[in-house]
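Engineer: All chains should be modelled from the sequences, with the hints used to inform the complete structure.
Same order as they appear, the protein sequences are chains A and B. For the first sequence, this note's numbering assigns the number 1 to the initial residue and increments by one for each residue that follows. For the second sequence, this note's numbering assigns the number 1 to the initial residue and increments by one for each residue that follows.
Derived by calculation from the structure, the hints in this document are not laboratory data. Warning: the hint list may mix true and false statements.
Listed next, with one range per pair, are the computed distances between beta-carbon atoms [to be verified]:
hint: 1; chain 1: A; residue 1: Lys162; chain 2: B; residue 2: Lys297; range: 30 to 40 angstroms
hint: 2; chain 1: B; residue 1: His294; chain 2: A; residue 2: Glu329; range: 31 to 41 angstroms
hint: 3; chain 1: A; residue 1: Lys323; chain 2: B; residue 2: Lys288; range: 53 to 63 angstroms
hint: 4; chain 1: B; residue 1: Thr187; chain 2: A; residue 2: Thr357; range: 13 to 23 angstroms
hint: 5; chain 1: A; residue 1: Glu329; chain 2: B; residue 2: Thr292; range: 40 to 50 angstroms
Covered stretches of chain B (chain A as the covering partner; in silico rule of three or more C-beta atoms under 8 angstroms from a C-beta of chain A) [as the list claims (entries may be wrong)]:
hint: 6; region: 30-44
hint: 7; region: 50-59
hint: 8; region: 89-101
hint: 9; region: 144-153
hint: 10; region: 207-215
hint: 11; region: 312-324
Heads up, the beta-carbon is just placed ideally off N, CA and C, and yes, glycines get one too.
2 protein chains.
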Amino acid sequence: MERRKFLKGTALASVGTATALATPALSQGKTQWTAVSAFGKAGLLGQALNEFAKFVDTASGGKLSFKVYHAGELVKPFEAMDAVQSGTAQMGYGAPYYWAGKSDSISFVAAMPFGLTAQEQNAWLYYGGGIDMADKTAYRPLGLKFLPLGNTGNQMGGWYAKEINTVADLNGLKFRMPGLGGEVLSTFGTNVILLPGSEVLPALSSGAIDGTEWIGPAADMGKGLFKVVKNYYYPGWHEPATILDGFIDAKAWDALDEDLKAIVERGAAATNLFILSKFQAINNTALKKLTTEHDVKLRKYSDELVSAIGERAAEVIPNLAGKTADGKELYNHIIGFRQGMTEWSNYSEATFLNARTAANFKQI
Amino acid sequence: MERRKFLKGTALASVGTATALATPALSQGKTQWTAVSAFGKAGLLGQALNEFAKFVDTASGGKLSFKVYHAGELVKPFEAMDAVQSGTAQMGYGAPYYWAGKSDSISFVAAMPFGLTAQEQNAWLYYGGGIDMADKTAYRPLGLKFLPLGNTGNQMGGWYAKEINTVADLNGLKFRMPGLGGEVLSTFGTNVILLPGSEVLPALSSGAIDGTEWIGPAADMGKGLFKVVKNYYYPGWHEPATILDGFIDAKAWDALDEDLKAIVERGAAATNLFILSKFQAINNTALKKLTTEHDVKLRKYSDELVSAIGERAAEVIPNLAGKTADGKELYNHIIGFRQGMTEWSNYSEATFLNARTAANFKQI
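Structural biologist: Structure representation (structure tokens):
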């Protein structure tokens with residue numbers, strides 16, 4: 001609730017200032033869309049958005065191009081969706097739970113605590129009817145078309161000033177965790193706080209929060225969280241992997257040629273894979289550096305905690321989903337898919353990862 | 001060795017017949033490439049290749065198009081690389097270990113027993129220097145440019161007429177397993193046989209082989225292997241995931257505009273993700289059907305077997321890799337990356353998959 005107020009508040013405050021800046025440019029059959037991102041220009045996600053935009057321009061022979069504004073360049077990070085809905089931009093980029101103030105179901109698109117891994121999410125999106133279901137129950141009702149545009153892969157559990165051993169340690173904790181994971185934590189008495197990326201480190205430094213989850217080792221190291229707190233927990237039960245969302249003004253999307261749609265969709269799918277692959281490729285080096293150079297203590301959530309949180313998640317999340325017909329439909333769709341994926345991943349990915357240690361390969 | 005003779009034999013036998021059919025078509029700045037596939041037209045991979053070709057045509061505005069020939073339409077499945085090398089085609093499609101007769105290092109690109117998962121392979125390919133390393137040590141020496149063009153995801157261990165409990169059961173077994181897994185099995189006295197896809201079921205039916213691995217539940221069910229043998233083992237230690245390869249005549253690739261290269265590369269990356277996602281999405285339904293409707297017995301390789309095979313793999317595979325400078329360089333590159341990924345995946349994917357059962361979500 002706090003979060004929704006916060007989001008709505010910031011959004012309404014400043015969209016108006018940007019409205020005059022951008023309208024779709026049309027000349028000689030060429031379309032230029034304004035794209036606004038919730039992520040900073042300098043990071044991996046800013047770069048990925050630039051490359052996506054460049055690709056669409058190239059592949060469409062300039063028929064569709066983008067003027068890209070990263071976080072803060074045209075509107076504030078959490079105002080990206082307002083900007084698209086108001087016509088200031090035609091496309092936005094963020095994480096679905098950033099828009100929880102606009103939709104009761106949209107957070108389910110991002111990630112579910114104890115839900116799907118990145119590999120499973122992509123199976124759901126592209127061949128499990130996930131894109132259509134997300135559109136039907138979350139994006140189309142907001143006048144938008146959903147476009148998967150990245151995945152963080154497995155997240156870490158988060159950073160804590162003190163060790164967390166039992167559910168009692170969650171009570172009274174001031175912790176930043178967006179999305180459904182935060183809803184679960186709050187039932188243990190945690191004071192769950194949502195902050196935009198730029199405010200996380202200052203809040204941690206000032207003691208306004210006792211801890212935070214962010215993404216994974218590479219992104220977390222870049223953010224400098226290790227400078228303030230040293231207990232780094234895994235696994236990231238709250239976001240086994242998080243889908244990043246492109247969202248396009250539905251009228252602009254529907255009016256697009258089929259050829260341009262194909263270019264945007266395939267370009268986005270490649271971006272999705274590239275972002276996931278990059279996070280995976282760089283996480284371990286960062287993790288090593290955090291533990292060896294920055295005195296970070298890598299800690300596994302206790303079985304007791306995981307069991308208690310898991311049990312609670314299975315009560316809290318369906319209750320949240322059941323508040324609206326859209327939420328219920330989306331939740332049931334994801335849960336149905338999760339059932340099959342859990343079985344298959346247990347026979348394949350999980351069993352293999354446990355068996356892999358049997359071979360100890362050496363450099364030659 | 002048997003395998004290499006077999007491959008070379010069939011390849012030399014019939015490439016000549018096709019040479020006259022195809023030369024790159026050039027008119028008004030338009031290029032048409034002939035593409036030859038080792039996979040059948042009807043399956044998931046045939047369809048994915050068609051869609052890739054269609055996308056490149058669309059996105060390039062017809063500047064680059066393909067005339068696609070699936071397995072057997074222009075050349076036999078295992079002749080696809082010969083066809084590209086001889087100039088009959090400009091692009092081919094298959095699995096890297098199909099071309100083991102041409103390169104001592106190329107099988108390492110496909111998969112390594114106890115090696116990388118699909119998610120890790122993509123991290124290696126796109127951000128771990130994998131594409132460049134595969135080109136340097138395997139494809140460029142063959143006059144080709146490598147293009148990742150799909151991934152099977154986690155494979156199953158395979159189909160056996162009899163139960164396999166100890167390494168003694170591997171001795172004398174006639175088993176189809178391509179790639180490095182077969183090399184490991186052969187050291188246990190297994191008679192390892194390579195057969196093209198179309199010959200696997202007949203060989204199993206006639207008793208020419210006692211068992212076979214193929215891909216995963218969905219592909220295996222389509223092949224009808226359950227009709228002959230009922231013991232279905234996991235995990236697929238031999239191919240934790242297998243990269244499928246597009247390979248392009250290096251001169252044709254190098255001559256391509258940068259824009260067209262970008263379209264081909266992003267189009268291929270999307271195809272890579274789509275194929276992996278589709279396999280993941282459909283495997284569990286197939287697995288259920290196999291066990292409930294077709295009396296298939298799902299069996300886990302014993303810890304004893306996994307330990308023995310893993311230990312042997314760690315001896316055999318570096319020996320094979322060390323035969324050539326290219327093989328050594330490629331092996332060391334993959335092994336170095338695997339070390340970091342194993343650590344990170346243990347903290348993330350493996351721990352999460354084991355923790356996930358804490359939440360038992362129900363439909364609402």
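Engineer: Check, residue by residue, whether the region 144-153 of chain B contains three or more positions whose beta-carbon lies closer than 8 angstroms to a beta-carbon of chain A, and give the verdict.
Structural biologist: violated (count 1)
Engineer: So the hint says 30 to 40 angstroms: do the beta-carbon atoms of Lys162/A and Lys297/B match that?
Structural biologist: 50 angstroms, violated
Engineer: Against chain A, does the region 30-44 of chain B show at least 3 residues with beta-carbon separation below 8 angstroms?
Structural biologist: violated (count 0)
Engineer: If I claimed the Cβ atoms of Glu329/A and Thr292/B lie 40 to 50 angstroms apart, would that claim hold in this structure?
Structural biologist: With Cβ atoms ~28 angstroms apart, the hint is violated.
Engineer: Please count how many residues of the region 207-215 of chain B have a CB within 8 angstroms of a CB from chain A and say whether that reaches 3.
Structural biologist: violated (count 0)
Engineer: Okay, the region 89-101 of chain B and chain A, do three or more residues pass the C-beta test at under 8 angstroms?
Structural biologist: n = 0 at 8 angstroms, threshold three: violated.
Engineer: Has the region 50-59 of chain B got at least three residues whose CB is nearer than 8 angstroms to a CB belonging to chain A?
Structural biologist: holds (count 3)
Engineer: Measuring from beta carbon to beta carbon, are His294/B and Glu329/A in 31 to 41 angstroms?
Structural biologist: Between His294/B and Glu329/A, where Cβ atoms are some 33 angstroms apart, the hint holds.
Engineer: At least three residues with a C-beta closer than 8 angstroms to a C-beta of chain A: is that true for the region 312-324 of chain B?
Structural biologist: holds (count 6)
Engineer: Hint says 13 to 23 angstroms; check whether the CB-CB distance for Thr187/B and Thr357/A agrees.
Structural biologist: 20 angstroms, holds
Engineer: At the C-beta level, are Lys323/A and Lys288/B separated by a distance inside 53 to 63 angstroms?
Structural biologist: Since the Cβ atoms of Lys323/A and Lys288/B sit about 32 angstroms apart, the hinted range of 53 to 63 angstroms is violated.
Taken one by one, the earlier hints fail for this structure at numbers 1, 3, 5, 6, 8, 9 and 10, listed in ascending order.
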